[in-house]
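Asks: Under this note's numbering, the residues of the sequence shown are numbered 8 to 92, in order.
FYI, nobody ran anything at the bench for these hints, they're computed from the structure. All figures in this text were calculated on a predicted structure; none of them were measured in a lab. Check the hints yourself; a few may be wrong.
Cβ pair distances, simulated, as ranges [stated by the list, open to error]:
1) Met41 with Lys12: 19 to 25 angstroms
2) Lys37 with Leu83: 42 to 48 angstroms
3) Met41 with Thr89: 45 to 51 angstroms
The calculated DSS-like cross-link candidates involving lysine-lysine, where the alpha carbons are at most 27 angstroms apart (straight line), are [as the list claims (entries may be wrong)]:
4) Lys68 with Lys58
5) Lys39 with Lys56
6) Lys21 with Lys61
7) Lys37 with Lys9
8) Lys76 with Lys65
9) Lys58 with Lys39
10) Lys17 with Lys56
11) Lys87 with Lys65
12) Lys52 with Lys68
13) Lys17 with Lys37
14) Lys12 with Lys35
15) Lys17 with Lys65
16) Lys56 with Lys76
17) Lys68 with Lys87
18) Lys39 with Lys12
19) Lys35 with Lys9
20) Lys35 with Lys21
Here a beta-carbon is modelled for each residue, glycine too, at the ideal position from N, C-alpha and C.
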Amino acid sequence: MKLVKGFLTKDPDKRITLEEAVNDTWFKSKIKSMSHKVSEVNASKAIDKMKAYKEANKFTKAIRMCMNKLYTSASLEDLKATFLE
8 MKLVKGFLTK DPDKRITLEE AVNDTWFKSK IKSMSHKVSE VNASKAIDKM KAYKEANKFT
68 KAIRMCMNKL YTSASLEDLK ATFLE
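Just need the whole structure built from these sequences, with the hints factored in.
Replies: Structure, rendered in structure tokens:
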């Protein structure tokens, strides 16, 4: 329960850190019980997927910034309406 509350804390300065999460007793017990199921290949695939998500997020942010600079709010509304039809 402490781990979940730590993740859900809104204030980033008070939120649980990655190191604290990994060292949590509940987390350690789950990792230990699952260690035979998790292979390095699966971990590598998960890391690759996280990296791809991060890159896609950067691309999305860049597109939004360009659109904000290129279009007026009226033209953005027209564009939005076009895609939502």
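Asks: Compare the structure with each hint and give your call.
Replies: Quick rundown of the hints versus the structure:
| no. | hint | in the structure |
| --- | --- | --- |
| 1 | Met41 with Lys12: 19 to 25 angstroms | holds (22 angstroms) |
| 2 | Lys37 with Leu83: 42 to 48 angstroms | holds (45 angstroms) |
| 3 | Met41 with Thr89: 45 to 51 angstroms | holds (47 angstroms) |
| 4 | Lys68 with Lys58 | holds (15 angstroms) |
| 5 | Lys39 with Lys56 | holds (23 angstroms) |
| 6 | Lys21 with Lys61 | holds (24 angstroms) |
| 7 | Lys37 with Lys9 | holds (15 angstroms) |
| 8 | Lys76 with Lys65 | holds (17 angstroms) |
| 9 | Lys58 with Lys39 | holds (25 angstroms) |
| 10 | Lys17 with Lys56 | holds (26 angstroms) |
| 11 | Lys87 with Lys65 | holds (21 angstroms) |
| 12 | Lys52 with Lys68 | holds (24 angstroms) |
| 13 | Lys17 with Lys37 | holds (25 angstroms) |
| 14 | Lys12 with Lys35 | holds (17 angstroms) |
| 15 | Lys17 with Lys65 | holds (23 angstroms) |
| 16 | Lys56 with Lys76 | violated (30 angstroms) |
| 17 | Lys68 with Lys87 | holds (17 angstroms) |
| 18 | Lys39 with Lys12 | holds (22 angstroms) |
| 19 | Lys35 with Lys9 | holds (14 angstroms) |
| 20 | Lys35 with Lys21 | holds (22 angstroms) |
The earlier numbered hint that this structure contradicts is number 16, and it is the only one.
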